[in-house]
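If you're matching positions, the sequence shown starts at 1 in the working numbering and goes up one per residue.
Careful: at least some of the hints might be erroneous.
Cut-off 20 Å, straight-line C-alpha distance, at most; resulting in silico cross-link-like pairs (SDA-like, lysine to any residue) [claimed, not checked]:
(1) K101 - M117
(2) K139 - L124
(3) K7 - K44
(4) K45 - G30
(5) K92 - A113
(6) K20 - H57
(7) K8 - V72
(8) K139 - L167
Just so you know, these hints were derived from the structure itself, not from any lab.
Since the structure is predicted, the reported quantities are computational estimates derived from the model, not experimental observations.
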Amino acid sequence: MATDSDKKRAARSEFIYKRKPLGMIGMKVGVSANTIGRWKRAAKKLGDDWETARAAHMIAGQGLDAVITTVVEEFMIMAQSAIEDLKADGLKKPDDRMSIKDRISMMTSLADAMTKMTTSAGKLAPKISELGVAQDVIKRLMEFVRDDYPEHASIMLQISEPFVEHLVEAYG
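Whole structure, please, built from the sequences with the hints as guidance.
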């Protein structure tokens, strides 16, 4: 039977190196997520910050671009959730809805946060920004051909699919 010390080491390893959430780790090592949270806080007080170790491992293993991509993806998921909340609020009875001022404030804050996030990500990981621009150019070219030269759309599609893969290899 594993000792608490063995379980702590296993939990730390799962958290840092496999990036698993506390609940899943708890199931694997046979303790509650709350217990792992306590271990994590206690370790931090002793100078072993699991979050810092996790981030350092990710940067060392996958590089800064991967970390930034993950952060941007997580932010976009949260932003999408906020947008869905705003949409759902619009379907409520008038007395239960947020005020127009609050809705506008929320949308403005979200737009500002998204702008700052993408600007920061682009500065920290220019390859991500470059890939985004390249993909946008391809998308706009495809729309242009579709709208103004529809007779060439099938050829463009045939060329663009492998070319997008080439862009991902070059910039991704």
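Going down the list of hints, with the structure as the test:
1. K101 - M117: This hinted pair is violated, its Cα atoms lying about 24 Å apart.
2. K139 - L124: violated (25 Å)
3. K7 - K44: This hinted pair holds, its Cα atoms lying about 17 Å apart.
4. K45 - G30: Judged against 20 Å, a Cα distance of about 24 Å means the pair is violated.
5. K92 - A113: violated (26 Å)
6. K20 - H57: Holds, at roughly 13 Å.
7. K8 - V72: violated (31 Å)
8. K139 - L167: holds (13 Å)
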